[in-house]
Amino acid sequence: MAKSTNRYFQFLGSSKKAQVSGRLWYPAADVYKVPDGWVVKVELAGVSAEDVEIDIQGNTLIIAGCRKDRSCVSGISYEQMEITYSNFEKTLRFPAPIDGAKLDHMFENGLLIIRLHKGQ
Amino acid sequence: MAEEKTTETKTVTPPPLPQPFEIAILPLQNTTLFPETVVPLAVGRERSTRAVEEALATEEKLLACVTTKTENVTGDDAKPGDLYKIGTIVNIKRMMRNEGIMQLIVQGMDRFEIVEWTAEQPYLKAKVQILPDLRRVDDEEIEALKRNIQGMIQEALALLPNVPPEIRAAVMSQENPVQLSYFLASVLDLGTETEQKMLESSTVDGLLTLTHAALAREVEIMQIRSKIASEAQNEMDKSQRDYVLRQQMKAIQKELGDDEGGEKAEAEQLRERLEKADLPDDVRKEAERELRRMESLPQAAPDFHVIRTYLEYILELPWRKSSEEKLDLNEARRVLDEDHYGLEDIKERILESLAVVKLRPDSKSPIILFVGPPGVGKTSLGRSIARALGREFDRLSLGGMRDEAELRGHRRTYVGAMPGRIIQSLRRVGVNNPVMMLDEVDKLGNDFRGDPASALLEILDPAQNNTFRDNYIDLPFDLSKVFFIATANQLQPIPMPLRDRMEIIQLAGYSDREKLNIAKQYLIPRQIKENGLTGDQLTISDDAINLITSRYTREAGVRQLERTVGNLARKVALKVAQGLTEKVSITAEEIKGYLGPPRVYPEEARKELPAGVATGMAWTEMGGEVLFIEATLLPGGSGLTLTGQLGDVMKESAQAARSYLWSHATELGINPEIIKQNGVHIHVPAGAIPKDGPSAGVTMSSALASIYTGRKVRSDTSMTGEITLSGLVFPVGGIKEKVLAAHRAGIRRIVLPDRNEADVDEIPEDVRRELEIIPVKRISDVLDAVLEKESSDPGLKSYFARNLEAKADGSDRPVTHDI
Numbered sequence: 016m017a018k019s020t021n022r023y024f025q026f027l028g029s030s031k032k033a034q035v036s037g038r039l040w041y042p043a044a045d046v047y048k049v050p051d052g053w054v055v056k057v058e059l060a061g062v063s064a065e066d067v068e069i070d071i072q073g074n075t076l077i078i079a080g081c082r083k084d085r086s087c088v089s090g091i092s093y094e095q096m097e098i099t100y101s102n103f104e105k106t107l108r109f110p111a112p113i114d115g116a117k118l119d120h121m122f123e124n125g126l127l128i129i130r131l132h133k134g135q
Numbered sequence: 080m081a082e083e084k085t086t087e088t089k090t091v092t093p094p095p096l097p098q099p100f101e102i103a104i105l106p107l108q109n110t111t112l113f114p115e116t117v118v119p120l121a122v123g124r125e126r127s128t129r130a131v132e133e134a135l136a137t138e139e140k141l142l143a144c145v146t147t148k149t150e151n152v153t154g155d156d157a158k159p160g161d162l163y164k165i166g167t168i169v170n171i172k173r174m175m176r177n178e179g180i181m182q183l184i185v186q187g188m189d190r191f192e193i194v195e196w197t198a199e200q201p202y203l204k205a206k207v208q209i210l211p212d213l214r215r216v217d218d219e220e221i222e223a224l225k226r227n228i229q230g231m232i233q234e235a236l237a238l239l240p241n242v243p244p245e246i247r248a249a250v251m252s253q254e255n256p257v258q259l260s261y262f263l264a265s266v267l268d269l270g271t272e273t274e275q276k277m278l279e280s281s282t283v284d285g286l287l288t289l290t291h292a293a294l295a296r297e298v299e300i301m302q303i304r305s306k307i308a309s310e311a312q313n314e315m316d317k318s319q320r321d322y323v324l325r326q327q328m329k330a331i332q333k334e335l336g337d338d339e340g341g342e343k344a345e346a347e348q349l350r351e352r353l354e355k356a357d358l359p360d361d362v363r364k365e366a367e368r369e370l371r372r373m374e375s376l377p378q379a380a381p382d383f384h385v386i387r388t389y390l391e392y393i394l395e396l397p398w399r400k401s402s403e404e405k406l407d408l409n410e411a412r413r414v415l416d417e418d419h420y421g422l423e424d425i426k427e428r429i430l431e432s433l434a435v436v437k438l439r440p441d442s443k444s445p446i447i448l449f450v451g452p453p454g455v456g457k458t459s460l461g462r463s464i465a466r467a468l469g470r471e472f473d474r475l476s477l478g479g480m481r482d483e484a485e486l487r488g489h490r491r492t493y494v495g496a497m498p499g500r501i502i503q504s505l506r507r508v509g510v511n512n513p514v515m516m517l518d519e520v521d522k523l524g525n526d527f528r529g530d531p532a533s534a535l536l537e538i539l540d541p542a543q544n545n546t547f548r549d550n551y552i553d554l555p556f557d558l559s560k561v562f563f564i565a566t567a568n569q570l571q572p573i574p575m576p577l578r579d580r581m582e583i584i585q586l587a588g589y590s591d592r593e594k595l596n597i598a599k600q601y602l603i604p605r606q607i608k609e610n611g612l613t614g615d616q617l618t619i620s621d622d623a624i625n626l627i628t629s630r631y632t633r634e635a636g637v638r639q640l641e642r643t644v645g646n647l648a649r650k651v652a653l654k655v656a657q658g659l660t661e662k663v664s665i666t667a668e669e670i671k672g673y674l675g676p677p678r679v680y681p682e683e684a685r686k687e688l689p690a691g692v693a694t695g696m697a698w699t700e701m702g703g704e705v706l707f708i709e710a711t712l713l714p715g716g717s718g719l720t721l722t723g724q725l726g727d728v729m730k731e732s733a734q735a736a737r738s739y740l741w742s743h744a745t746e747l748g749i750n751p752e753i754i755k756q757n758g759v760h761i762h763v764p765a766g767a768i769p770k771d772g773p774s775a776g777v778t779m780s781s782a783l784a785s786i787y788t789g790r791k792v793r794s795d796t797s798m799t800g801e802i803t804l805s806g807l808v809f810p811v812g813g814i815k816e817k818v819l820a821a822h823r824a825g826i827r828r829i830v831l832p833d834r835n836e837a838d839v840d841e842i843p844e845d846v847r848r849e850l851e852i853i854p855v856k857r858i859s860d861v862l863d864a865v866l867e868k869e870s871s872d873p874g875l876k877s878y879f880a881r882n883l884e885a886k887a888d889g890s891d892r893p894v895t896h897d898i
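Chains as they are written, first to last, in this note's numbering: chain A, 16 to 135; chain B, 80 to 898.
Careful, some of the hints might be misleading.
Only pairs whose alpha carbons sit at most 25 Å apart, straight line, appear in this in silico DSS-like list of lysine-lysine [as the list claims (entries may be wrong)]:
#  : chain 1 : residue 1 : chain 2 : residue 2
1  : A       : Lys56     : B       : Lys172
2  : B       : Lys172    : A       : Lys83
3  : A       : Lys83     : B       : Lys158
4  : B       : Lys608    : B       : Lys654
5  : A       : Lys48     : A       : Lys133
6  : B       : Lys206    : B       : Lys172
7  : B       : Lys317    : B       : Lys306
8  : B       : Lys306    : B       : Lys204
9  : B       : Lys204    : B       : Lys158
10 : B       : Lys560    : B       : Lys400
11 : A       : Lys83     : B       : Lys206
12 : B       : Lys650    : B       : Lys662
Partial pick of chain B residues on the chain A-facing surface, computed with a CB cut under 7 Å [to be verified]:
#  : residue
13 : Glu132
14 : Leu135
15 : Asn170
16 : Ala223
No lab work stands behind these hints, which were simulated from the structure alone.
All figures in this text were calculated on a predicted structure; none of them were measured in a lab.
Ideal Cβ placement from N, Cα and C applies to all residues, glycine included.
Work out the full structure: start from the sequences and follow the hints.
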């Protein structure tokens, strides 16, 4: 949308292209329901477990963190770079409060898998 | 359901500001990067490339961008002093190399301020301090500015055509005023200085104020631009619309088959014809001017058709086209003889005129006026002249014409204007030297509506008519090659100046003998042929023809005669067709059976005239006639009574006659007492026919003298002539017709004014031989010639005697004149 807006502003004589963004990037996520709670899958390849923070506030699940280019060393020269390395955040709102749910997470094949078990 | 919230950054608690750190610096030309926006960047210079590569080799992929203060410092040469102190830290999100140029997509993160430069080579490096987020000073002002900015954006979007509604919604829904400002600053070309100011702004209020000002300026420019654009568009639209409609109209016309290709083609056709036509220079110039005017007009314009008709007329006129002259005088003579019997003098004069034309081909054509009674062949003479000359012939009847525009045309400004009859006739014949017959010029009207005779003056004047200007054509046309022949029944109604321009040829009526010959040679063969008979099926004897001319027709010409012959021929044709007979020969005795009783009883010479009656002669349009003037005394009355539809001139001549006789009574042998004591009544039959003119003067004198003296007027004598009070006899006109009529009536003695003797030559020889013509100078000569010697009426004698006795007895003494 912002891209097409640009097109119209360009009409005014501006050759600049710009897009509103925050300071972050937003990884893709799947959410699905299972009998005993929810499963959330977030596309977070290349992110270390220690760089991720998971937080629950009311009915909102917040996944935030930072993807760092762990593999790079001084002296290398990139030919091409398409993976974003920076802070990310994913805010997911659930239809019901999830406070008190039992939460566990694991990385599997580049995906962060979070399980929310209904609390007893 | 789960939902993504992209715009809410506040959910993350801002981390405490980090300590200053060292970072690669990328100098930017003409561009300012703002936080929270994603923009593409191209990096090509070596030092900049190194800085980017250095940044890419870190875990965080962060780079510090600052803008050069002036445009002419390139990224490679920029010294720390050329750069602003405040810039934006960016995260490099993508990088592609393309022919040595690095294409970057970077995301603005935070503003920073350079604390200390640490290196310039191989790339710029500095210690930077991250700047805190913008402070909000006055929330209400921020809200007001935000709304204003949104209003202006809406305005700007309205000026742009075809903005999808979702774009509008996207811009309007941008809740974060800082993000909105940075976005606008990124896309609008505000200039480095303004952009840098916005970047350096540390409060939301300040940033929005700057954005507001910049946007207001942009919108104003946009409005002006859009106004200019729409005006230009309007202008273009109108001419384009006209063009499209015209094309459509042409297509429709073509479809309807109105014309092949519309006005253009029409004008082109005319132009082609114009180029081929043989026109004088001034005519061509005028025609081309009109054609240009026509080409500039749409076909629907009324003037278009006016001009087209005009041009077509001009192109059809024979400006230079003449028919070839084949003038052979012997041939002309033969043609004239073939078409007309007799008329020797007239043919002679026509041939004389033609001879001049032959000897001087460039001379002005003569203008001939034929004057004569109806049916004598004026029109057919004109036709014969055209035939003899081998020219085209056209006849214009001017009888009853009263508008000079009929001759000279209407000006083109009038609706339905047309050229005059002269130009129309020329177009009809297609050559400029026809024989043009102007029939009945004596019957031109002349009243407040116009005077066509005056227009004829120009047309018939050889000195002027080479530049005859018709009102419609409005160009000079040379009429001098036209052979004009005019005809008239009478000379008097023709205005003097017009008469003066023409050579007058008088055609008198035909005598009975001429009519007989014309009938035998022309009329009977023609009627036999027209009625489908052959020559030997119908013969009419001479006596029969004479009977027809005298008793069944009354005319100077031969029109009625021909009609009557035709009548006979038809009756014979009926009999032949019915098979009742093979051939018919008609004699005088049988005429009555065919034509019924005679229709005309001409005044015949009375066997014996009582005293007081004299035979006169009158000229009529039908030829001549014999008439009787009757006078009678009214005993005891006084004065003069005149009856018989007499005109003023005739009445006056009666008065003059009486006065003369009275004043010269004694010497003329009249007893003045008779005149004094008796009134007198003069009557001229037939009473229903109006009569006028002075030529009955001598006849009235004779009748009066007869009644006063008692001496009868000789019954074998008729007379004509004008009288004066002093007793002179003046010449009169129409001698030939009058004498012929008298001859027809059986009169053998004719009294004429001596000055009319020249006219006697016109009388056909055979008639003249049978007549005794007595020229007279004075009234006394007339009386000597016409009065019988003695008063022969005994009754009258006794009447006189009684009157005189009564006078002698009475108290009144008779007055006697001394001689």
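- Verify the proposed pairing of Lys56 of chain A with Lys172 of chain B, using a straight-line Cα cut of 25 Å. 23 Å, holds
- Message: Check whether the Cα positions of Lys317 of chain B and Lys306 of chain B lie no farther apart than 25 Å.
- Response: 17 Å, holds
- Query: Can Glu132 of chain B be said to touch chain A, with a Cβ gap under 7 Å?
  - Reply: With Cβ-Cβ at 5 Å, under 7 Å, it holds.
- Query: Does the alpha-carbon distance linking Lys172 of chain B and Lys83 of chain A stay inside the 25 Å limit?
  - Reply: 12 Å, holds
- Task: Go through the hint on Asn170 of chain B and say holds or violated, using the shortest Cβ distance to chain A against 7 Å.
- Result: 4 Å, holds
- Message: Hinted pair, alpha-carbon criterion (25 Å max): Lys206 of chain B, Lys172 of chain B. Please report holds or violated.
- Response: It holds: about 23 Å lies between the C-alpha atoms, which stays within 25 Å.
- Message: Next item in the hint list is Ala223 of chain B. Is there a CB on chain A closer than 7 Å to its CB?
- Response: Since chain A brings no Cβ nearer than about 22 Å to Ala223 of chain B, farther than 7 Å, the hint is violated.
- Task: Measure nothing beyond the straight line between the CA atoms of Lys204 of chain B and Lys158 of chain B; if it is 25 Å or shorter, mark the hint as holding.
- Result: 11 Å, holds
- Item | Straight-line alpha-carbon gap Lys83 of chain A to Lys158 of chain B, limit 25 Å | 32 Å, violated
- Would you check the hint for Lys83 of chain A and Lys206 of chain B, treating anything up to 25 Å between C-alpha atoms as holding? 22 Å, holds
- Verify the proposed pairing of Lys650 of chain B with Lys662 of chain B, using a straight-line Cα cut of 25 Å. Within the cut-off at roughly 12 Å; holds.
- Message: Between the alpha carbons of Lys608 of chain B and Lys654 of chain B, is the straight-line distance 25 Å or under?
- Response: Cα-Cα ~16 Å, so holds.
Violation of the numbered hints given earlier is confined to hints 3, 8, 16; the remaining hints are satisfied by the structure.
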